[in-house]
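Protein sequences appear in the order of chains A and B.
Per the numbering used here, residue 1 is the first one in the first sequence, and the count goes up by one each step.
Per the numbering used here, residue 1 is the first one in the second sequence, and the count goes up by one each step.
Please keep in mind that the hints were generated in silico from the structure rather than gathered at the bench.
From the three backbone atoms N, C-alpha and C, an ideal C-beta is built for every residue, glycine too.
It cannot be assumed that every hint is accurate.
Short derived list, chain B residues pointing at chain A, Cβ under 10 Å [unchecked claim]:
#, residue
1, 81
2, 96
3, 98
4, 105
5, 237
6, 258
7, 318
8, 327
Computed list of lysine-lysine pairs in DSS-like fashion (alpha-carbon distance at most 30 Å, straight line) [what the hints assert, rightly or not]:
#, chain 1, residue 1, chain 2, residue 2
9, A, 20, B, 236
10, B, 242, A, 131
11, A, 81, B, 35
12, B, 386, A, 20
13, A, 81, B, 386
14, B, 35, A, 77
15, B, 328, A, 216
16, B, 242, A, 77
17, A, 81, B, 391
18, A, 131, B, 345
19, B, 344, A, 20
20, A, 131, B, 377
21, A, 71, B, 344
22, B, 344, A, 216
23, B, 236, A, 77
24, B, 277, A, 81
25, B, 391, A, 77
26, B, 345, A, 81
27, B, 377, A, 81
28, B, 236, A, 55
29, A, 77, B, 356
30, A, 131, B, 236
31, B, 242, A, 55
32, B, 16, B, 35
33, A, 77, B, 345
34, A, 173, A, 406
35, B, 94, A, 77
36, A, 81, B, 16
Take a look at the letters that make up each chain.
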Amino acid sequence: MSKTYETVIGLEVHVELATKTKIFCGCSTAFGGAPNSHTCPVCTGMPGSLPVLNKQVVEYAMAVGLATNCKITQYCKFDRKNYFYPDNPQNYQISQLYLPICRDGGVEIETAAGKKTVGIHEIHMEEDAGKLVHDEWEDVSIVDYNRSGVPLIEIVSEPDMRSAEEVIAYLEKLRLIIQYLGASDCKLNEGSMRADVNLSVREAGATEFGTRTEMKNLNSFKAIARAIEGERARQIELLEEGKKVIQETRRWDDNKETSHAMRSKEDAQDYRYFPEPDLVPIVISDEWIEHVKARQPEMRTEKMERYQKEFGLPKYDAEILTGDKSFADLFEAATALCGKPKKVSNWIMVETIRLLKDNEMDPDEIPFSPENLAKLVNLADSGAITNTVAKEVFELVFTEDIDPDKYVEEKGLKTVNDEGALRATVEQVIKDNPQSVEDYHNGKEKAIGFLVGQTMKAMKGKANPAMVNELLKELL
Amino acid sequence: MDLMSLTAVELGKKIKAKEVTVEEAVNAALSAIEKKEEAVHSFVTVDREGALARAKEVQKRIDAGELTGPLAGVPVAIKDNLCTKGLLTTCSSKILYNFVPTYTAEAVENLERAGAVVIGKTNMDEFAMGSTTETSAFGATKNPWNTEHVPGGSSGGSCAAVAAEECSYALGSDTGGSIRQPSSFCGVTGIKPTYGTVSRYGLIAYGSSLDQIGPIAKDVTDCATILETIASYDTKDSTSVKREDCDFTSALVDDVKGLRIGIPRDYFGEGLDAEVKAAVLAAAEALREKGAVVEEFDLSLVEYAIPAYYVIACAEASSNLARFDGVKYGYRTEEYEGLHNMYKKTRSEGFGAEAKRRIMLGSFVLSSGYYDAYYLKALRTKALIKQAFDKAFAQYDVILGPAAPTTAPKLGESLSDPIKMYLGDIYTISVNLAGLPGITLPCGRDKNGLPIGLQLIGDCFQEKNIIRAAYAFEQTRSYEHSPLAQ
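Build out the structure end to end from the sequences listed, making use of the hints.
Dropping the structure here:
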């Protein structure tokens with residue numbers, strides 16, 4: 001490669017909103033019902049049915065717009081996007097083209113290259129489509145309209161990103177903001193957050209953009225990073241060979257780490273957008289905007305400050321805990337129950353994160369309740385169980401969400417403070433380890449540590465470590 | 001006594017007074033249908049069993065004192081583009097030849113709550129596209145005054161059923177004149193209410209921003225009573241309007257003293273049949289004699305209404321009719337290879353020529369590159385037309401004119417020249433573009449004995465003005481039963 005190239009990336013991010021009901025009818029948005037069980041005449045496109053806008057969708061869209069510094073379009077409208085496909089029962093999608101609810105915003109991201117702002121061109125509201133299932137055996141396709149009419153927002157960025165790292169930073173920032181707002185759980189693997197990557201390359205220093213492609217089917221941050229690298233390399237190779245990049249939509253295959261063309265601009269459909277006549281324009285008053293602003297929950301920066309001030313946590317702890325809303329929620333709930341913020345923080349930052357990693361789980365998949373974490377903190381902090389036991393019990397809290405109080409009681413794991421029992425064990429340990437005893441008498445202070453360890457082992461970790469220490473010193 | 005010769009309100013009174021049972025009323029309608037359908041073909045579906053079962057239930061509730069309204073027990077016919085749960089609803093199209101809705105349209109529910117008995121679904125132009133009821137996939141409806149003539153359209157089945165006295169009253173829908181023009185051709189009375197007065201929930205959409213459901217009956221009293229019953233604020237229809245002034249029957253007073261009536265000169269120019277003109281002007285004179293202030297004025301923009309209407313209505317229709325694709329319900333072609341071939345064949349075979357013409361026209365005007373030149377321009381024209389009416393209503397309470405340039409044409413005359421057919425909508429469509437209420441009632445007959453209709457237009461939400469004027473005019477003549485009614 002003789003020239004240096006710059007990658008230019010813009011994202012279209014679809015986020016499924018966390019409303020209880022669909023955008024244009026009262027059907028449930030709950031995941032996993034029997035096919036077509038969450039449907040009605042409206043979301044199955046029955047003749048004569050009419051959409052009625054769910055106000056909560058507007059409020060969530062406004063909240064995301066306000067949190068990403070957008071201007072709210074105070075007179076906004078829905079439009080129909082016309083295309084034929086069976087997952088879309090009306091053969092048009094109700095979306096926004098001409099007057100999207102939010103425009104001209106941006107978020108600040110931080111990467112190794114420093115801080116920068118990624119502009120947000122617009123955020124618009126729309127409805128999701130149903131799901132087609134192709135039965136190869138019967139050679140038929142069947143459709144499930146449970147997802148039809150689930151509310152989405154599409155966040156369209158400016159072409160402001162220059163690397164996969166920036167893209168991931170932008171997505172993580174968006175996800176955090178939206179999770180904090182409670183507007184969505186933003187799970188890429190479940191499709192409640194989906195990103196399409198628009199990418200072009202140009203020679204370093206060029207002022208015109210190159211021809212871009214749009215990449216779809218990106219189900220994880222890792223897939224997004226790989227797709228960006230792959231597409232960048234593909235486009236550069238084309239240019240180096242003197243060929244042209246074709247404006248097209250491509251589908252990423254993360255297993256093969258390649259993409260293939262889905263459709264080019266030439267066969268792009270004419271969606272024949274026009275204003276949705278079945279819905280009235282949405283007029284958003286200043287008061288409504290203020291109302292949404294006032295109800296905006298505490299965002300990360302404020303939370304981070306509060307954790308340091310209110311709970312006396314170190315900045316490092318506050319950063320990690322607020323880095324994912326699930327951590328913050330767990331921390332606050334458990335602290336409220338046990339009143340020991342730093343201890344709760346330690347359990348989250350060390351053991352919880354370790355076990356999540358080991359089990360390849362995301363923070364929002366934390367499987368235990370704050371109640372059980374609080375109980376464990378109390379047990380460990382009061383000395384009722386030793387640290388060793390506490391760690392063992394926590395693993396069970398993590399995997400099975402057991403009640404630590406009950407478990408410790410049933411299994412008899414409470415720290416042994418009974419001097420008689422301890423003394424007998426210590427005596428036995430001294431007897432069994434003459435070499436260590438000798439080392440100790442020869443001035444090797446460390447040897448006592450080994451003997452403590454042996455005693456704890458013999459007591460299955462339940463011995464009061466302070467008492468074991470004292471007894472050892474006495475008997476030696 | 002022929003129960004079907006009574007108005008709906010008269011029949012309702014007799015039922016309430018226990019002079020007539022609901023079953024007798026329904027049987028009268030059913031036997032009238034049996035006798036006349038072959039000649040008139042007003043219905044797509046007659047629900048004999050459902051109506052008789054419903055009659056018993058309604059009678060019980062009347063006897064129990066639960067149903068006391070003026071329409072309790074009175075048989076009604078419903079245009080076949082209004083969804084009726086469990087009852088075939090076809091829009092007179094092959095593509096919905098077997099469609100049975102899972103729910104009932106709000107307007108029909110309102111009637112049923114008042115004790116109405118639905119006896120069947122009436123024929124129409126396919127998807128309400130047409131002015132003659134000849135575009136129905138199930139054959140044309142005939143005019144009860146002369147079966148060689150069309151009943152008008154698209155609510156031709158509803159108007160013919162009322163004129164032939166196969167039902168006491170009917171519901172229609174009006175997108176560009178589809179209640180008023182066939183009412184005029186059939187010598188009955190019909191109201192197109194202000195947009196948003198009657199819920200569109202369950203009305204299979206043609207032009208969503210123009211469609212309104214309205215009553216068709218023998219007289220103004222019936223129409224006001226029916227409209228009072230079907231009008232409702234419906235949270236299922238975002239364009240529904242909350243109104244506190246739906247007591248339309250309070251306007252049934254024979255007094256037009258001081259009522260300001262404007263006659264647009266633009267409505268009496270070229271193309272208007274001389275006999276129609278004479279009858280309509282005579283009606284204006286009758287109102288003047290009763291004390292109304294009648295003046296001529298220039299409305300303007302009338303010639304732009306037709307192109308604007310066909311652009312907007314067809315654009316919306318092209319999208320509204322997209323759901324009829326053979327996937328979920330209705331007609332699907334027998335043999336096909338793959339999805340797109342199935343779509344193409346189903347829609348090619350399922351839609352008639354007029355529906356296809358309007359889908360193509362609508363798709364064209366919304367295409368990228370043409371949107372601004374056609375669709376946006378039409379929307380601007382619509383806004384200007386509304387302004388012209390606003391200006392007129394600053395001066396007048398009611399605008400008076402014909403409902404159609406001619407009386408009913410002969411069967412087969414109109415479809416050969418669609419442009420000419422579209423021009424026939426000139427006096428009705430601007431009312432839809434501006435969202436106004438309009439009423440049509442008979443005001444005479446031509447030399448061939450065909451009815452002539454008078455149209456009265458009111459400002460938005462001012463139905464009472466046109467009801468009052470129509471009622472006062474109606475008192476100057478008596479209702480003429482069509483030859484098929486006897």
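Can you give the numbers of the hints that this structure goes against, from lowest to highest?
-> 3, 6, 10, 11, 12, 14, 17, 19, 20, 21, 24, 33, 34, 35, 36
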